[in-house]
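Sequences are here, hints too, so could you generate the full structure?
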Amino acid sequence: MSVLDLSAAPQPPLSATRRVGVVLIALVAALSLLGPLIVQGDPYAQSLMKALAGPDAAAPLGYDHLGRSVFHRLAYALRLSPVIALAAVMTAGAAGLALGTLSAAKGGWIDRCLVMLADALLALPGLLLILMVLAMVPGTALGFWAGLSLVLWVEFFRLTRAATRETLASPAVQASRLLGFGAAYVFRVHIWPEIAPMMLTAAAFGTATAIMAIAALGFVHVGMRAPTPELGLMMVELLPYWREAPLALLAPVLATFALLLGLTLLAGSRKT
Amino acid sequence: MSLLQADDITVRDGTTTLLAPVSLRLDPGEPLVVLGETGSGKSLLAQALMGTLPLGLEAKGQVTIGAQVLNSGAPDQFRGLWGREISVLPQEPWLSLDPLMRAQAQIAEGHCLVRGLPPREARIRAASDLSELGLADAAARYPHELSGGMAQRVAIAAARAGGARIVIADEPTKGLDAARRDEVANLLLNEMGQSGGLLIITHDLALAERIGGQLIVLRAGEVVERGATRAVFAAPGQSYTRDLLAANPENWTGKAAAAPAGTAVISSRNLSLARGRRTLFRDVSLDIAAGQVFGVTGPSGCGKSSLGDTLLGVIPPLQGQVQRQPGLHPFAFQKLYQDPVAAFPPRRTIGETLMDVVKMTRSDPRDVDRLLDGLGLQPDLLARRPGAVSGGELQRLSLLRVLLRRPAFIFADEPTSRLDPITQARVIKLLTNATESDGIALMLVSHDQALIRNTADAVLPLTPPCDPARAAAKKRVAIALQ
Amino acid sequence: MSAIVSRLVQALMVAILIGTATFVMMRSLPGDAAWRIAAGRYGYDNVDAAAADAVRAELGLDGPAHMALLQWLGDLVRLDFGNSLVTGQPVVDEIAHQLGASASLALVAVLLSLVIGPPLGILAGLRPGGRLDRALLVTSTGIKAVPQFLVALVLIVILAVQLRWLPAAGHGAARHFILPSLTLALGLAAVNARIARDAMARIADMPFWRFAQWKGLSERQTLLRHGLRNVSVPLITYLGLQFVTLVEGVIIVESVFGWPGIGHALVHAIFSRDVPMVQGTALVLGLGFVLVNAAIDLAIRHLDPRTAA
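Here the protein sequences line up with chains A, B and C, keeping their order.
This note's numbering puts the first residue of the first sequence at 1, with every later residue one more than the last.
This note's numbering puts the first residue of the second sequence at 1, with every later residue one more than the last.
This note's numbering puts the first residue of the third sequence at 1, with every later residue one more than the last.
You may find that some hints are simply not true.
Claimed, not checked - Pairs of lysine to any residue residues, derived as SDA-like cross-links and limited to a Cα-Cα distance of at most 25 Å, are as follows:
#, chain 1, residue 1, chain 2, residue 2
1, B, K359, A, L31
2, B, K174, B, I315
3, A, K106, A, Y44
4, C, K144, A, T17
5, B, K60, B, A46
6, B, K174, A, T17
7, C, K144, A, A258
8, B, K174, B, G66
9, B, K429, B, L245
10, B, K359, A, G182
11, C, K144, A, L239
12, B, K359, A, R188
13, A, K50, A, L31
14, C, K144, A, F257
15, C, K144, A, V20
16, C, K144, C, H97
17, A, K50, A, P171
18, C, K144, A, L80
19, B, K429, B, S390
20, C, K144, A, P193
21, A, K106, B, S306
22, A, K106, C, M13
23, A, K106, B, P316
24, A, K106, B, I315
25, B, K359, A, P171
26, B, K359, A, W192
27, C, K144, A, L250
28, A, K50, A, G62
29, A, K106, C, A3
30, A, K106, A, P193
31, B, K429, A, E194
32, B, K359, A, L247
33, C, K144, A, L247
34, A, K106, A, Y185
35, B, K174, B, P316
36, C, K144, A, T201
Calculated from the structure, these hints are not laboratory results.
In structure tokens, the structure reads:
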């Protein structure tokens, strides 16, 4: 091996597939945030005269079975679950990162207890936990945030713990410690650069999981309540009218798919 | 008639020539050794002869095996020869056996599927292969239950089961200590016998000397010298070959008689150490004085590295004490690693990492330039990451980083075992010069007895711990002798 | 040995978690919990203040919370799950009734996914970067990005509504299995295929794979003798972890297709705040995970002698 072979250029921050993912997410975000500014309207306003009517100037995607603008309901729905998902991912990420490094650095009983808790949560289907939390916490959005955070932190915890343990056992960290560097330096220089790329992947996957969970529970009528515009709820409401108003059903389906595909592509390969 | 003849083998990567035309012939009963350092193209030559070059590399030239004439530019032609005409010994035998299959089955499948024996007979042949190699009781073991040496013998039997007469061995002694190296050499010569062909690719001078036969010395894709191994070793014709032979630790000039040692910088009393339930060593007492080179040698797994880590306080001892000379600052005890790449933060440039040490120790940044100069390093290396620097340079940069801490003691853990001979000689020289001139106590650990013998002022040989597999093998030999 | 102990600890932790969570759920219910439990036991018509008081005293509902929690967990340990608050039937009977329907659906789905996913993955992994590999990557990424209810929706719209080939809902005949099990299997296969592909590609890059070919084995012989067994180890390990995904899928798919299984029952129980049923079903699902993974631990031990050491 010559030296030149080894000195490959540093990895670009985003691969081609990840860039496609970012573009998809940006498109969905633009639809949701800018759309209602260009065509103004109310996601809740009913007009039974226009039930299941096709697109017009006030409603670019037509009307649902209650005569509400699908475009404005979709734009609102595309804000609701991503915001809940992001809040949950941030909470879970912060908790997982803190507990994971703590567990790896301290070891002993703290480590054993946290691993035991994480293993038990891992054995439970996420949707089950979310449903149980929803039944306890007043307010559906708050319940989703709490339930999703409870489900998602485990993955962050496991990743952080594994990577930190491996890094702490490496000769590089041993050398730094022998030279006299402290815990803050070890975290900043050795641990964080190992964890950071994984955190992005886990966060993108976590957001996708969260959005899927909110939509899935909406679809089976145990998530967000009508008349809140929510992706899964919109789909199940419009499913019976598929033959009369295919566009009204396709719009949330395609938007959800684009958003989730974007997040999956952004997450990239799980290999580390 | 020769077993294998290769004419004008070239390997190119696009427009870059990696291997200039090389011709060679392999005769029955006369081994051929291809000797070269990393990047000399010796492995490419072997791959071109076997049709296993990585995709993207292009070979040219003619290979004649028995009555068959093959074009090394068309690797598919070679596939049918594997196992039947050519058998290949892998570099790392313990990784080359299927971890989920018992030893005997891995040999029997060659007899059955390649040589075409019925399954029952194949099993009997495999069992007799194993007992010939002294491995009769390993038949039902899985690879992880074999020692390194046993795995090597199983791999040889498996490679030969198809009935090939030609053996190509690529670095067969990678990572082995001297005793095991000679064992492998004898085994390979035995397998070759009078009628077989043996081609050995290596950077190991001791192995080449032991194998004998014919020798080709490669450097940067070109043949430097060729001839009978014994003749070339006795009187090398080219300056590169002379340098290469001089770099063999066996040929280093021994150390001048050491001045009497002063007060110990670090010492241990009755140190015992265990890994898991296994005791590595007992009652080790030692004193290492300023400016002294203290050598520790022994086979792998004997606890050499763990002894150093215990002196540094990284591993707690089972029993006994470690004492540091009073008055030294707590970070005056440093370590050099076997794999320097793993000892640097991978995503920072080396310059950044060194500046971190300068800042923390509040030293003069010009110290870095002074040390770079003293260690013969180019300043532009500082802009690179650890993975983009050659092993020899990175080990010198590790030494530089450690010297910035103004150490009183350095534990060098196999610091040159992954380096080529010429680089190894240079790094050891720089290391011992630096520690002697700065009055640093150096503990040098190596599996290479010659290196330690010719470098150290005092030597601690560690004996292997009691290993059940080894004990069993010893017992059998003893019985055979009676 | 230690593997069994850690699975037992996991099972215990699962039981404590679920017990505690359902206890909190019970306490946070609006209205008089004791009354509701008594109604579950004796039927709404037979409940009076005395019966409710008896329940309250038994469960310590009017005492301090930690005593009540211990009482609650004690019932759990004695496998006394109580009666459904909705039907009044013992929870154990209800679950025994539904478990079969769910298990048969899940089994069909897993088998279907194993027929689709791993063979494609192994073929793709033998030629990394090849045409099949790239096609599989695109397809599996696409499917993974589609939530299972959406797969169900698309299958219903195409196969049931548009083409009218299959029933959208129902239970009993073999054809009722097709849509729900296909919905589950597609999602599982997308992941199975990736796992098998990555494992195969990794194994085909290992020294022992090359050595097998150097010994003279053909590619087919190498795959059969050294490939499949080695690929199966990570694949089976992963199947155990996939159990959670499978259960989540079952919860959704049963609700969408009206499949009378445990997932459907769970959603109903949550909806109607039937706490004993929630506790029972959650416990069955959580312990099911532990049991399946314990079985997989044993299978892996058998397949891979390194793990047994």
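(message) Can you confirm whether the C-alpha distance between K144 (chain C) and L239 (chain A) stays at or below 25 Å?
(response) 22 Å, holds
(message) Next pair to validate is K359 (chain B) with L247 (chain A); report whether the Cα-Cα distance is within 25 Å.
(response) With a Cα-Cα distance of about 64 Å, the restraint between K359 (chain B) and L247 (chain A) is violated, given a limit of 25 Å.
(message) Please verify whether K359 (chain B) and L31 (chain A) have alpha carbons no more than 25 Å apart.
(response) Violated: K359 (chain B) and L31 (chain A) sit about 50 Å apart, past 25 Å.
(message) With the threshold set at 25 Å, check whether the alpha-carbon distance from K144 (chain C) to H97 (chain C) stays at or below it.
(response) Outside the cut-off at roughly 32 Å; violated.
(request) Given the hint that K174 (chain B) pairs with T17 (chain A), test it: the Cα-Cα distance must not exceed 25 Å. (result) This hinted pair is violated, its Cα atoms lying about 40 Å apart.
(message) K60 (chain B) and A46 (chain B) were given as a pair; does the straight-line alpha-carbon distance stay at or below 25 Å?
(response) Holds - the C-alpha atoms of A46 (chain B) and K60 (chain B) are around 13 Å apart, at most 25 Å.
(request) Would you mind confirming whether the straight-line C-alpha gap from K174 (chain B) to P316 (chain B) stays at or under 25 Å? (result) Violated. K174 (chain B) to P316 (chain B) sits at ~31 Å, over the 25 Å cutoff.
(message) Tell me if the straight-line CA distance from K106 (chain A) to S306 (chain B) falls inside 25 Å.
(response) With Cα atoms ~23 Å apart, K106 (chain A) and S306 (chain B) stay inside 25 Å; holds.
(message) K174 (chain B) and G66 (chain B) were given as a pair; does the straight-line alpha-carbon distance stay at or below 25 Å?
(response) Distance of about 30 Å is beyond 25 Å: violated.
(message) For K359 (chain B) and P171 (chain A), compute the direct alpha-carbon distance and say whether it is at most 25 Å.
(response) 21 Å, holds
(message) So if I understand the rule, the pair passes when the alpha-carbon distance is 25 Å or less; does K144 (chain C) with A258 (chain A) pass?
(response) Holds, because 12 Å separates the two Cα atoms, which is no more than 25 Å.
(message) Can you confirm whether the C-alpha distance between K106 (chain A) and A3 (chain C) stays at or below 25 Å?
(response) 23 Å, holds
In this structure, the hints that do not hold are numbers 1, 2, 3, 6, 8, 16, 17, 20, 31, 32 and 35, in rising order.
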